[in-house]
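J.: These are the residues of each chain, in order.
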Amino acid sequence: MTHQNKITLVFLISPNSYPVEANVHEPLKVARDKALRAADQTGRPPDEWEVRYQGNVLSSTAKIEELGLADGAELELTLGFGAGG
Amino acid sequence: MRVDPQVTARKFQRQVGFLAPRRDALRQKRCQIVRAEFPYVEALMFPVRSVLLPDVPVLVPHPEGPYVLPNGRFAPGKISLFYPYLAPRCFGLRLDFSDFDQRAPAVSFHDPLTWDHLPPDQVPPAAINSAEVGARKVLIDGHPETQRPFLCMRYIREYHEHPQHTDDPWVWYRGLFSLPNLLEQIASAFIQPIPVVGPGIFPHNKLFVSPKE
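First to last, the sequence lines map onto chains A and B. Under the working numbering, think of the first position of the first sequence as 1, with each following residue one higher. Under the working numbering, think of the first position of the second sequence as 86, with each following residue one higher.
None of these hints come from the bench; they were simulated from the model. Because the structure is a prediction, the values reported are computed rather than measured. Here a beta-carbon is modelled for each residue, glycine too, at the ideal position from N, C-alpha and C. Don't take each hint at face value.
Said to hold, decoys possible - Now the stretches of chain A that chain B is said to cover, found in silico as 3 or more residues with beta-carbon under 8 Å: (1) 4–15; (2) 24–38.
To be verified - In silico negatives: residues of chain A with every beta carbon more than 12 Å from chain B: (3) Pro19; (4) Glu21; (5) Glu48; (6) Val57; (7) Lys63; (8) Glu65.
What the hints assert, rightly or not - One side of the interface only, derived from the structure: several residues of chain A facing chain B at Cβ under 10 Å: (9) Arg44; (10) Pro45; (11) Arg52; (12) Gln54.
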């Protein structure tokens, strides 16, 4: 039986990659937080991390299906620029 | 010098290699790479903003207006002024990768022809806008070490080595560094909306609107 709602997103946290199974009806941040736990990157609040796809920053509160991410999509996960002197 | 230049040069070349597939995206953000020779990456920045000034007080023609001028009667009114293109001057951006990646790249602002350092009043304002906290000014004048304007942003040497950011050290970020991401973020800071008038004058900070909004 196939799970049509499930896809695999590959989070790149330099220099490693972390495949995460994600439900397309869930916000992206659910998968993001799974990837951060898998990478043992738990020292900073998850919301400080930015998810980029093909160079664009994605909204972590948007649902995966709304973002149009396909199975196997590679997402870059990096700490945000946190600007402001 | 803190790092063997050969080591730094290899790490520099790796980052430069990341630029190729992102050059078009950078151009869309009005950033053109013009040089990438160790230890420098240099880009020309062409910041453009469209400007909307809402509710500007003016006198408008009115048949019963209290002000009589040679061309008729006028009353106080308000108009909105929209300038589709307001172009601050082009400037050169230099990233110095000396000692990378024990130190973050240093970022400085230059005349695009002579590559002399620009004085602070000739560097366009920069800000980053987020839904959570609104617009934040990120171009700050007078770094305590360089005495030059600097960008107060993570992944930049002037930020991580600033006395006020000793609690946010570069070592936490250097493994995540991406040159194209940094350039895109810098370019965005020069084309995103910024507040230039205080809330006491205009009660919002949406005066400046970037071209695609």
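J.: Would the stated hint for Arg52(A) survive a check requiring a Cβ distance to chain B of less than 10 Å?
T.: Because about 7 Å separates Arg52(A) from the closest Cβ in chain B, which is inside the 10 Å limit, the hint holds.
J.: So Glu48(A) supposedly isn't at the interface. Is its beta-carbon more than 12 Å from every beta-carbon in chain B?
T.: Nearest chain B Cβ is 10 Å from Glu48(A), so the label is violated.
J.: Could you let me know if the closest chain B CB is still more than 12 Å away from the CB of Glu21(A)?
T.: Non-interface label on Glu21(A) holds, nearest chain B Cβ at 24 Å vs cutoff 12 Å.
J.: Test coverage of the region 24–38 of chain A by chain B using CB-CB distances below 8 Å; three residues minimum.
T.: Check failed, 0 qualifying residues.
J.: Was the hint right that Gln54(A) lines chain B, CB cutoff 10 Å?
T.: 8 Å, holds
J.: Examine the region 4–15 of chain A for residues whose CB is less than 8 Å from any CB of chain B, and state whether their number is three or more.
T.: With 3 residues close enough to chain B, the hint holds.
J.: Is the hint on Arg44(A) kept, meaning its closest Cβ partner in chain B is under 10 Å away?
T.: 8 Å, holds
J.: A cut-off of 12 Å on Cβ-Cβ distance, and Lys63(A) was said to be off the interface with chain B. Does that hold?
T.: Its Cβ never comes within 12 Å of chain B, the nearest being 17 Å, so this holds.
J.: Over 12 Å to the closest beta carbon of chain B is the bar; see if Glu65(A) clears it.
T.: 21 Å, holds
J.: Taking 12 Å as the cut and beta carbons as the points, is Pro19(A) off the interface with chain B?
T.: 19 Å, holds
J.: Quick one, is the Pro45(A) hint okay against chain B at 10 Å, beta carbons?
T.: 12 Å, violated
J.: Classify the label on Val57(A) as holds or violated, using whether its beta-carbon is more than 12 Å from each beta-carbon of chain B.
T.: Contrary to the label, Val57(A) does not stay out of reach of chain B, its closest Cβ about 9 Å off (not over 12 Å).
The structure is inconsistent with the numbered hints 2, 5, 6, 10, although it conforms to all the rest.
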